[in-house]
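> Each chain, letter by letter, is given below.
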Amino acid sequence: MEFISPELDYAALAPMIVVGVAAIISVLVEAFAPRSVRRFLQLVLVFTTLIGALVLVVLNSGMRVLTGGQSIALDGPAWIMQGTILILAILGGLLMAEGGVDPSGDAFAPRASALPGSEDERQFTIRGYLQTEVWPFLLFAVLGMMLFVASNDLLMMFIALEVMSLPLYLLAGMARRRRLLSQEAALKYFLLGAFSSAFFLFGAALIYGYSGSIAFGPISFAITTKAGENTLLLIGIAMLLVGLFFKIGAVPFHQWTPDVYQGAPTPVTGMMAATVKVAAFGALMRLLYVAFGGVRWDWEILLWIVAILSMLVGSIIAISQSDIKRMLAYSSIAQAGFILVGVVAASPQGLASVLFYLIAYGFTTIGAFAVISLVRNASGEATSIRDWAGLGKKSPLIAAIFSVFMLSLAGIPLTGGFIGKWGVFAAGVAAGDAWLVIVAVIASVIAAFFYVRVIVLMYFADPTPDTAAVVIPSGFTTVSLAAGATLTIALGIVPQPILDIIANAGVFIR
Amino acid sequence: MTEPGIFSLLWVLIALPLAGAAILLFGGRRTDRWGPYLGVLTVCTSAVIGVLMLLGLMALPAEERSITQTVYSWIAVGSLQVDFALQLDQLSMVFVLLITIVGALIHIYSLGYMAHDPDRRKFFGYLNLFVAAMLLLVLANNYLLLYVGWEGVGLASYLLIGFWQYKPSAAAAAKKAFIINRVGDVGLSLAIMLIFVTFGSVTFGEVFGQVGEASEGTLTAIGLLLLLAAAGKSAQFPLQAWLLDAMEGPTPVSALIHAATMVTAGVYLIVRSHVIFDAAVWAATAVVVVGLITIFMGAIIGSAKDDIKKSLAGSTMSQIGYMVFAAGLGPIGYIFAIFHLLTHGVFKAGLFLGAGSVMHGMNDDVNMRRYGTLKGLMVITFVTFMAGYLAIIGIPPFAGFWSKDEIIHAAFERNALIGVATILAAGITGFYMTRMIAMTFFGKARWEEGVHPHESPKVMTIPLIILAIGSTLLGMALLFWGNIESWLEPVTGFASEPTPFPTWVYIVVTLIVVIIGAIIGWVMYARRPVPIEAPRGSWLTRAARKDLYGDAVNDALVVRPSFALSKALTIFDARGVDGFVNGLAGSVGAISGRLRRTQTGFARSYALSMVGGALLVALALVLVQS
Amino acid sequence: MLKRPSITRGVPRAVNVYTPILVLGLLAFGFAAFSVILATFTGPKRYNRAKVDAYECGIEATPQPMGGGRFPVKYYLTAMMFIIFDIELVFLYPWAVAADQLEVFGLVAIVLFLVNLAVPYIYEWRRGGLEWD
Amino acid sequence: MNPANYVVLAAILFSLGAIGVLVRRNAIIVFMSVELMLNAANLAFVAFARMNGNLDGQVVAFFVMVVAAAEVVVGLAIIVTIFRTRKSASVDEPNLLKY
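Which chain is which? The protein sequence lines are A, B, C and D, in order.
Just so you know, the first sequence maps onto residues 1 to 510 in our numbering.
Just so you know, the second sequence maps onto residues 1001 to 1626 in our numbering.
Just so you know, the third sequence maps onto residues 2001 to 2133 in our numbering.
Just so you know, the fourth sequence maps onto residues 3001 to 3099 in our numbering.
By construction, these hints were calculated from the structure, which means they are not laboratory data.
The beta-carbon is built from N, C-alpha and C at its ideal position, and this holds for glycine as well.
Computed cross-link-like contacts, SDA-like style, restricted to lysine to any residue with a CA-CA straight-line distance of at most 20 angstroms:
{"id": "1", "chain 1": "A", "residue 1": "Lys393", "chain 2": "B", "residue 2": "Lys1167"}
{"id": "2", "chain 1": "A", "residue 1": "Lys394", "chain 2": "B", "residue 2": "Phe1026"}
{"id": "3", "chain 1": "D", "residue 1": "Lys3098", "chain 2": "B", "residue 2": "Ser1609"}
Derived DEER-like restraints, expressed as beta-carbon distance ranges:
{"id": "4", "chain 1": "A", "residue 1": "Ala482", "chain 2": "B", "residue 2": "Arg1029", "range": "17 to 25 angstroms"}
{"id": "5", "chain 1": "B", "residue 1": "Ile1520", "chain 2": "A", "residue 2": "Ile442", "range": "45 to 53 angstroms"}
{"id": "6", "chain 1": "A", "residue 1": "Pro497", "chain 2": "D", "residue 2": "Leu3009", "range": "51 to 59 angstroms"}
{"id": "7", "chain 1": "A", "residue 1": "Pro497", "chain 2": "B", "residue 2": "Asn1415", "range": "52 to 60 angstroms"}
{"id": "8", "chain 1": "C", "residue 1": "Tyr2075", "chain 2": "A", "residue 2": "Ala400", "range": "53 to 61 angstroms"}
{"id": "9", "chain 1": "B", "residue 1": "Arg1594", "chain 2": "A", "residue 2": "Val44", "range": "48 to 56 angstroms"}
From just these sequences and the hints, can you work out the full model?
Below you can see the structure in the form of structure tokens.
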């Protein structure tokens, strides 16, 4: 048996290589740099890296290559999603870098290892320690996501999944305030996440058993050529989908979402909510279209069910939420359902509309969480919706911006969300899923209730004594908030440039 | 199809008020001083451009009177190709004129009416926003863009209804309007989806071009959904509940949005989609029924309310009922629906502004039982109000006579029974409008002490005068000089059917009925003294005072069952929205309250549901395998 | 190169050999749900610390100083390091097997791998993870 | 013997792992069960590699081992933190986030 060393297209891999190397360097920074300069060095390193990688992605965006022995596919959609992930990661990173909002430092615990409320923690807080390990985590997570959307075989996809998830598990547990909630979120996220990836892996094993290969190309070939018996294949697909549905937070694999969103530090929640959705949907679509396009009729009905469940359960439960972060979590479940409508379409138009939806959703979400991180009271962030009453009078600008995000999520015209919704719905209709679309429209109306309820509360209710106050942030949050708001509106009024870029990207290569 | 000369300014028509709104709303305090005047200026300019375009359009031969201007390609993803394109044809033209001219007058009037309000800058910003959105609605050349305007006018109207937020009733009314309208909007979005499914396009031209290929079932469904949308915006049965509460807003708003323009958007939608309704008989019939029911509901409510604005609101419902009804009659009615819409827009705006002027003089008291014998003290208001009065009850030669008479005639062309019904409704109109002027301008003074009625300033009375002139002449002008029938025919088509009697018979009969109604009203409210405390009145009166139990019915049907559960929705929001809104939201909220308990917080139970889901997924795949 | 045996040898086409897996999954789920539910209804609710210990032998795996003082994480650190540095080296075997065939590429790859492996080690060392006390 | 049996064994191990996650209360045991599931997948990979007569499966197995190790480290870190905070490793005790 002889081995051939894989050929690697270094130019195409450059963005990921950059991020990976930077991640390792930032670990070394943690090791060698004295505490005083760590934060500064890390910030410089992280943002130069992300921007550099983004530039490389843009330069590469013409390439359509399969590299690493077919295990990595860098095609139009991959570039778009990598670019989106990088931009969203930059905005999310800005939120994580915000140090001016919490009187005692940034959003993360001074020492994640110190016992909450213990003497140690008090000391660390007083000395103003910062947990700068969050930056290597961010970089590794981003690397995982970039790999996730580009991975073209099951092994690569599994590795990417883990590289993406492990840092996020840890980040979720590092909140400076409400440590108990934060740690609980981390534990739940980790246990359930590991559980789901076990399913993914076993599914991969079954697929390998069926097709004799882990690469998508051969798998789809096997599906088209092999006659008869394919139970093994279907069970395998099912278990792979469990892993991915978990990541996109689709019903019935959604239950971690509210708890983690609420418990994790708000900047992390924002970053995670935006980027992981992009990455997971990218992987899901590549898997379904490239590897399992041959059995489309089998998984389509399944996606129907999951999409409908997600839309309805998400929108309905969100109505009775009293914590804004939980509400947005359920909203993200519902949004996952809406996006699935576009995925079911399984057409180039569907792919394009999903990509647009993901972009619009990402910016809106980051912006929304940026606002949440600013609305505070004595005990930290005022996440109870009650405390937002009359915010429109106390700080009209922030309230207005938040309203824009809510309207976009609700799909009201002239926001990115509206175009996105119409895109996926139209794709679904074009693919002949009219009934699914009708359910989606109804669900989106239910959803409008709770989005608008926040607006109504902010504007048509009078401030109460315990109405939260808006903290004036430093440049970091301001930039990412402004970017989020501007893009949300711009995508609603002049979406065409983005739509053109997506259209030129074409479809997944095989 | 090109856009020669003046028509290249089509987008400016919308851009001007939009820019005004932007400057006023984001400009902050520094625009307080000159802001309102800017608001007035933008709308007046739009009005001028509108008039120029009318001249330009008249210069063109009839078949070329449809100009499309593609501003830019808005959405183009796969089979969904939508341009941000404006279309000016005879139908849009008349709406543009109505919106800009009436809008301009009401802006001017507001300068006086809102003179003392601290937030007048914001008020004018909202008004400009509304005008922009409404223009977009009527100028859009596809359903999706129309939907944008549709939501826009909605938004503006909620903001303006709730403008005086410190009044809980205002905030509640705004919420109620919003949520009831959402129901209508579902109808519209579903309709657009269905249209897109059926025709693969949402552009008016392309859709209407291929209506023939669609099955009647589909068209009926689309028609009914469009009707639902129209009912929501135009306060037609069964979604009428919000309009009366909407009177919480400042009076100029009631005049502009809730009488002249926005509430007629439903009529526009139906007439614009007439090709669909022509092909779907049942949908058209439904339109007629809804219109007829609303005509009477509105009239009866209008007869019982003592609040002058709510009484006018009732009459608005009733008059829009006439338009919807006419639109349902098909080609014999479309033109007259629009005709009545125009005249009504003018004289009802006049009446509302007149009412506002009266309130202005009476320290914002709205209770007609506290008015009386104002005719001597507010001469201009009185005279202009009389013009509107004669117009709405349809006395020749005033505007309302021509348009309403045409609708009644059209009704007889279709079916004598509904014809008689419309005549009766006209009689009731005569009754409640007479009651209104009798209680307001005649009889004895029943004022609160300390009230010193006085005429309003010029800036308010001049618009009244202009509108009064309109209420007097517009009907004849449109009919004889502007011959609206041949003007609109290319867009809406026109047909006429023979009726058993010559036209003059209907006219005379209608007049007799109206005058009888008016006399009854006069005898009851001008001759006899009007008690300050409202008498118990007949069961009908009592019912009508409660908006004919519009809310109560919803309450009994939906709210009560899910009342306890609807708490779940209104946890933090004590001022829940009344009517079926609570019911609707409540029942969803109920399910929500149950569902959220599934989120137990135990990681292991989450895992269990994941395994369950996994097996579900596996089974689904294996069992349905093809 | 062993020849590929047919998966479905000697099994009639009618029954599918992988249905057992699915059935087994169903059984597992059923059993889990059943036992959890049964336990909630019937089982005696006498929880004590021992019950929830890692090893239900009554002896605490990790002694707890009262009042949440410092806590000996060393064991865990050591354990984790062992796991990482022990298991990562598994990659050396396949490389060793094929080293001669994947000439330079293989060498570079494995060196890079070892460098990557060294990084966390350095981190651990600099942050005092290696000092026993 | 027929390698298909190994697949069945893998399935059994996987199911056992799943049951473990569902019924055990101690975070560390739950976590061990997850690892069991991963290793079941490994076994399946190797068995299939044998059936398919190519090496992919075995390669995957190597990677999975390593990933599992990384997961162990992260997981232990989280569990230890929780354990120190709450003086208990029960997965049912952290139950503040719900509904």
